[in-house]
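Q: Chains B and L supply the protein sequences, listed in that same order. Following the numbering used here, the numbering of the first sequence begins with 1 at its first residue and continues without gaps. Following the numbering used here, the numbering of the second sequence begins with 160 at its first residue and continues without gaps.
Treat each hint with caution, since some may be false.
[What the hints assert, rightly or not] Here are the simulated PhoX-like cross-link-like pairs (lysine-lysine), alpha carbons at most 25 Å apart as the crow flies:
| no. | chain 1 | residue 1 | chain 2 | residue 2 |
| --- | --- | --- | --- | --- |
| 1 | L | K197 | B | K151 |
| 2 | B | K151 | L | K349 |
| 3 | L | K221 | B | K133 |
| 4 | B | K144 | L | K342 |
| 5 | L | K349 | B | K144 |
| 6 | L | K342 | L | K381 |
| 7 | B | K144 | L | K381 |
| 8 | B | K144 | L | K197 |
| 9 | B | K151 | L | K376 |
[As the list claims (entries may be wrong)] Cβ-to-Cβ under 10 Å is the rule here; a few derived chain L residues that face chain B:
| no. | residue |
| --- | --- |
| 10 | G211 |
| 11 | I223 |
| 12 | L239 |
| 13 | E256 |
| 14 | H259 |
| 15 | T261 |
| 16 | R266 |
| 17 | I268 |
| 18 | Y279 |
| 19 | F310 |
| 20 | L312 |
| 21 | A313 |
| 22 | K378 |
Simulated from the structure, these hints should not be mistaken for laboratory data. Note that the Cβ used here is the ideal one computed from N, Cα and C, for glycine as well.
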Amino acid sequence: MKKNIFSKLFSRELPEGPVEAGQTLGMTPESVLERYFANRNAILSLLRIYSNLSLSDVAKELGISDTKLEEIEKSDERVPFQLVPKIAEVFNVDLKALLVLLGHAQSGDRDDKYREFSALPIAAQYSGPDLTKQEKVDLEELFKIILAEMKSREGENEI
Amino acid sequence: MNTFSEENKLRIRSLAQELRLKHDAMDWGISPVDLIEKEGLDYGEYDLSDKGIIEKITRSIKKIAKRIKAALSVPQKVVLIDTDLHNAKKPFGQAHELGHHTIPEHRQILYVCSESDLIYETRLEMEFEANVFASETLFPTPLMNSIYENFPLAMETILNLAQLAKASFHSAALRYVTDCDKKCCVLFLKVEEDDEGNRGLKLQSQKWSPAWGKKYKRKIIKDYQFFHAKHNFSLVAFSGSLHTVVKNTINVGEDIMFQAHTFFNGYTVFSLLF
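Okay, chain L solo, but in the shape it has when bound:
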C-alpha cells in the first residue's frame, strides 16, 4: 500500500464520506466538533494563560506548550485544541484529529503509542492521511465537483469555498487546486526581508493541479524564491490592497507568462497562477 497513491487517498476520502453520511452531515459548513462529539470523544479548548494551568507548568513544559496546536488522546477519547489557534484554522485541526481517530489503523497504533514514538517517515504518512481526511471532511468531493462545474477558475471561487466550508483560506486553496482539472498552481508567500534588508515576499510552499504537474514536470518557482518589493506579487502586499483580489499577468522568471490572482489576508499572500 502506497500511502501517497490515488488509491489510498480515495480510501481515506471514503472513510470521511462514510462518517459524514453516518451523522447526516452532507452539506457545506459542517462542524467538526459536532462530529467529534457524535463519535463519543470529548472536545476541549485550552488556554495556556489560564491560572489553573499556568500555575502548574514548568518553564520547559511552557516551551513545548507553545509548539502544540492540537492533540488527540485515543485512550482518553479527547481532542484538545489551543484556544489561541486562529479561528479559521481550528476546523481543519479538529477534523485532522478526528481523522486519526476514525482511520482504523491510526486509532489502533495511537492507542498504544504516541505519534512522537514513531519514526519520522511513518509519522509523515499518518499526518498525510489525517490531512486528506480533514480536507474531505470540510470539502467533500461531491460538493467540490459542483464547485468545479459551476464556478470559474478564480481567486474569488477559493474565497467563496472557504466561506462555504467555514474553513481557512489556506485549506480551501489547497483543496481547490488538488482536484482541479485545469492547469493551476497556488503559491503561499510571506512578507520577509532579504539578506540586504530589502522587504519582499518569500515563497513558503506551493501546490499545483495534476494538469499543471503534467505540463510543467519540474518546479517553475523555486522553493523559498524571493520576490523583491517591486515584483507584482509583492505590490499586493505593500500597496495596501489587503483583502482585495489583484489580477494581473506575471512572469516568474522562466519567460512563461501566467494569469495571477493574488490576495493578501494580512498574514499570507496567496497567488493563484493559471
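Chain B with its partners taken away, still in its complex shape:
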C-alpha cells in the first residue's frame, strides 16, 4: 500500500535502502514510514527528508515561515489547497496523488472505474446535489459531445 503511494508520487518504487534520517535512529524504512504516516500531513516531512531539503528550504519555496511549515507537517488539518500544487512542484511529485494523500481529492479505487479521476478534467458549475459517480461519467461524455459538435461546426464554417 505504502509502496503504491510512493510509486504514484515519485513514479518509481520506494528506494530499497533505509531512510537516512531513520537510519541514524536505528529505524528500518518500514518503521520510519509507520511513524511518519501517523498523521495526514506527515507525508510532507517524509518527502522533505527524501528530497534532502531542510525545513527552511521548503518553507522559503512555499512562501511561508519555518514555524508555519513545521506546524503544518505535524498537523492533521488539511493543508490549504492553494499550497498543494507548489508542494508537488518543490518535491517533484504527482499532483493528483498528492491531492489524494493530503485529503483534497477522493482516492481512486481500481475496482470501481467511476471513482478513478476523470479522464477529461472539467470544472463545472452545476445546480443541486453533488454529482453521482455515473453523473461524473455522463458530464465528461456530454462535454466531449459538445466539443466535437463545436469543432465540426467550425470545420463547416471554414469550408
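Once you've looked at the hints, dock chain L against the given chain B.
A: Frame of chain B, contents of chain L only:
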C-alpha cells in the same frame, strides 16, 4: 492560508485587476468573453436542443446536462456556457470560469482533475475564490469606490450598478453590499406557498455589509423565513409592481424597524434593508 480571509480575498481581487490591466479593460461593462479569448481560451455556447447534440446524448446524459450551466476544461482550453442561461447571468458565469483559469493553483489542480473529483470543502473554497474573481472582474474595486462615494444607499444605485457592469442584478446587489461601509443587508426572496397553500415570499439567501454584521451579530431574518402575502415584502410581488422600486419601513419580527427598498424582477424579490 484562510480562503475566506480578507487577505486572501485581496489576493484574488489583485489577480482580477492585473488581468484587466493587462488587457486594457479598466472601464465599466467589460466583456468577460473578450478576456477569455485574449487569454487564449476558446469560448462557446451550446444549445442542448441542437440536433447535432440531442441525437448523441442518452437520457442519463440529458439529466446531467440540465444541471450544468457553465464549464471549463483547462487542458482543452475551452469555456462552455449553456445558451439557455439567462443573458444577465452569463457574464458572471464566464468570469467565474475565467477565474478558475487565471488563479494559478486552480489552473494547476484543474489540469489534472475535475472539480467533482475534489472533496466538497475544497470545491467550496475554489468556488468561493472563483466568485470573488468574477465579482472583481465585473465590479472592480476602484470603480466601486466611486459608486460608494457618489451615489446614495438605495436600490436605484444597485440597479444602476448592474447596468454599468452589464451584469445581473443579483451579482450587483451582492457586490454592492459586500464592501459597503454603511449598515445594510440585501435579501433574495422567491414567491412560494406555505404548507397550507398560502402564497407568500420565502427567503432564499441574504448578504450583509461588514457594518451590519458588526451591529447585529446574529441573523435577524432566519434562513428560509416565510413572509405571508400581506407582508410589506410580499405586497411588492403581488401588487403588480414589477420592475418598480417600492420604498417603505418594515418590521422583520424583532421589533427593529428598517428602511426597505424592494424590487421584483419577475423571478426574484430583492430587498435592501438599512
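Q: Does the nearest C-beta of chain B fall within a distance shorter than 10 Å of the C-beta of I223(L)?
A: holds, 4 Å
Q: Check whether the Cα positions of K197(L) and K151(B) lie no farther apart than 25 Å.
A: holds, 20 Å
Q: Hold the hint about T261(L) up to the distance rule: shortest CB distance to chain B must be less than 10 Å.
A: Given a least distance of 12 Å, the restraint on T261(L) is violated.
Q: Next item in the hint list is L312(L). Is there a CB on chain B closer than 10 Å to its CB?
A: violated, 31 Å
Q: Given the hint that K342(L) pairs with K381(L), test it: the Cα-Cα distance must not exceed 25 Å.
A: holds, 18 Å
Q: For the restraint on A313(L), tell me whether the closest CB of chain B is nearer than 10 Å.
A: Because about 31 Å separates A313(L) from the closest Cβ in chain B, which is outside the 10 Å limit, the hint is violated.
Q: Let me know if the C-beta of R266(L) comes in closer than 10 Å to any C-beta of chain B, holds or violated.
A: With a closest approach of 9 Å, the R266(L) hint holds.
Q: Starting from K151(B), check that the Cα of K376(L) is at most 25 Å away, please.
A: violated, 53 Å
Q: Answer holds if the nearest beta-carbon of chain B is closer than 10 Å to that of L239(L); otherwise answer violated.
A: Because about 6 Å separates L239(L) from the closest Cβ in chain B, which is inside the 10 Å limit, the hint holds.
Q: Report holds or violated for the interface hint on F310(L), using the least CB-CB distance to chain B and a cut-off of 10 Å.
A: With a minimum Cβ separation of about 31 Å from chain B (threshold 10 Å), the hint on F310(L) is violated.
Q: Can the restraint linking K144(B) and K197(L) be considered satisfied, given a maximum Cα separation of 25 Å?
A: holds, 24 Å
Q: Checking hints one by one. Is H259(L) an interface residue toward chain B, by the C-beta closer than 10 Å rule?
A: holds, 5 Å
Going down the numbered hints, you'll see the structure goes against 2, 4, 5, 7, 9, 15, 19, 20, 21 and 22, while the others check out.
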